[in-house]
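As given, the protein sequences belong to chains A and B, one line each in that order. Taking my numbering as reference, the numbering of the first sequence is continuous, increasing by one, and the terminal residue is 262. Taking my numbering as reference, the numbering of the second sequence is continuous, increasing by one, and the terminal residue is 262.
No lab work stands behind these hints: they were computed from the structure. Please note: incorrect hints may appear among the correct ones.
If chains are identical, the list can't say which one is meant, so a pair holds when it fits in one copy or spans any two.
[Unchecked claim] Simulated pairs of lysine to any residue, SDA-like, Cα-Cα distance not exceeding 20 Å: (1) Lys40 - Lys236; (2) Lys179 - Val154; (3) Lys159 - Glu116; (4) Lys41 - Gly64; (5) Lys159 - Gly143; (6) Lys159 - Gln131.
Note that this is a predicted model, so its numbers are computed, not measured.
Next come the chains, spelled out residue by residue.
Protein chains: 2
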Amino acid sequence: MPELKQALRNISLIILDMDGVVYLGNKPMEGAARAVAFLRGSGKKVVFLTNNSESPRSFYVRKLRSMGIAAGEENVITSGQVAADYIRGRDPQAKVFVIGGPGLVEEIRRAALKLVGPEEADYLVVGIDRELTYQKLADGLRALLAGAKFIATNPDRVYPTEKGLLPGAGAIVAALERCSGRKPDVVIGKPSPQIIRFVLRAFGAKPKETAIVGDQIETDVKAGKRVGLLTILVLTGVVKKEDVEKARGTKNFPDFVVDSLEGVIV
Amino acid sequence: MPELKQALRNISLIILDMDGVVYLGNKPMEGAARAVAFLRGSGKKVVFLTNNSESPRSFYVRKLRSMGIAAGEENVITSGQVAADYIRGRDPQAKVFVIGGPGLVEEIRRAALKLVGPEEADYLVVGIDRELTYQKLADGLRALLAGAKFIATNPDRVYPTEKGLLPGAGAIVAALERCSGRKPDVVIGKPSPQIIRFVLRAFGAKPKETAIVGDQIETDVKAGKRVGLLTILVLTGVVKKEDVEKARGTKNFPDFVVDSLEGVIV
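The following block holds chain A by itself, in its conformation from the complex (with noise of 0.2 Å):
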């Protein structure tokens, strides 16, 4: 794909989505590793993104490496991480009431905010926990009925697994919105552009230097789109070369479409 080339040619940093794209679930796709060497080799930044909060940067760092990818914590970006720099920026003494796996509670300490219940909550962040329970349901309504800001990390209604798809941290989220009647004043993951603004200030890049590589249009595309990245899709996820068809001519079409991130390498 001549067009390809030159279109990556303009650009210094390029965003991976990981599950869909780098691997699925612990599967790693095949010239994966190959196509994060020739894309470094090229000059160009190399940044593993998730819309997932549930495990923190390290575990992410071991996954990459396991599948012959270099790659450290400042190579992965979690929306977790960002949760915690987005009230970080707003209130460095908030006080943070969590709903979310470990992933999201370490991140929360790493950004030297204060873990506490949901009477003191400034702020109510939501992610996945898959050890969620009623009572963790109602310390959360608590503390949006108390006037606690409400966070979710991504809007993810389910991810996929080895043995099916499960709730994504945006089922969470509908329980809080429901019971309490409020809406979360702010999504961190994709689609909202919170995480890609983030990741931009972290690296320094302008989004026409940026490309985001995704496997789905409603998230990965549309969160590129939002702030004028180059956006390339690919068909090794959730997204299907005949989906593809279904969204030309919509506005969050793709720049590029490829059929693996094999197809980067040009």
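Let chain A serve as the given structure and place chain B on it in line with the hints.
Coordinates of chain B only, in the frame set by chain A:
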């Protein structure tokens, strides 16, 4: 109120919402026992109705008796019981997966329906479940993705307790709606007419001979209006005097407003 006296003359069945009308939490309403005795003395049948499916009918019988109100299971209707009846009426062999409290499980058993895991379920029934876990939501999603019919015992967003508002069945239903992308195929509890129609059938009563007394316009009065009952609003629960004025002229404005259940002694 001579008009209320006149209207009640044609009524043979009175449906009383419980929480906010007969009691508030564990506290009986002043005059409630006397009002029930008066209605019965004037030859009317009284049935106690709750949208909540958490507890079995026997729980409400004990609760009412402890407040000096004679009741048997034949006078108490819960949304769990009506959900079980609804399924049984469609398929007496139905296999049911329950997310809900002990009362709902008991009603499914009493209707001789088969309780099964999510993979086998013809029906997913969802009510308030204070033992809710992430795993139960994941199981509910699995049942819905496998095509199980989706039944909500009631749509209540919250319910009041001595310790404040807790998430209602509606919050759990919302989580499952978001992750499955499906809405319930049927909602049993008020403001749905399902539960009211069940009461009418169970007592062989016609709508124009039946009154409903409740503390909420958006559930009790709305459900009553949908089926053509006489609707009486009390001000001892959710709706206060100032809310009544706002609702004046709307299609769900109650036929009568009384300060408390005692107001039916006319």
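How the hints compare with the structure:
1. In this assembly of identical chains, the alpha carbons of Lys40 and Lys236 never lie at most 20 Å apart, being 28 Å within a copy and 64 Å across copies at closest.
2. For a Cα distance limit of 20 Å, the shortest separation of Lys179 from Val154 qualifies both inside one copy, at 19 Å, and across copies, at 16 Å.
3. In this assembly of identical chains, the alpha carbons of Lys159 and Glu116 lie at most 20 Å apart only when taken from different copies (16 Å versus 38 Å within one copy).
4. For the identical chains of this complex, Lys41 and Gly64 are intra-copy neighbours only, at 17 Å inside a copy versus 75 Å across copies, given an alpha-carbon limit of 20 Å.
5. With identical chains, the CA atoms of Lys159 and Gly143 are at most 20 Å apart between copies only, with a shortest distance of 17 Å across copies and 38 Å within one.
6. When the C-alpha separation of Lys159 and Gln131 is checked against a cutoff of 20 Å, the pair qualifies only between copies, where the shortest distance is 13 Å, while the shortest distance within a copy is 27 Å.
In summary, the structure is inconsistent with hint 1 from the numbered list given earlier, while agreeing with all the others.
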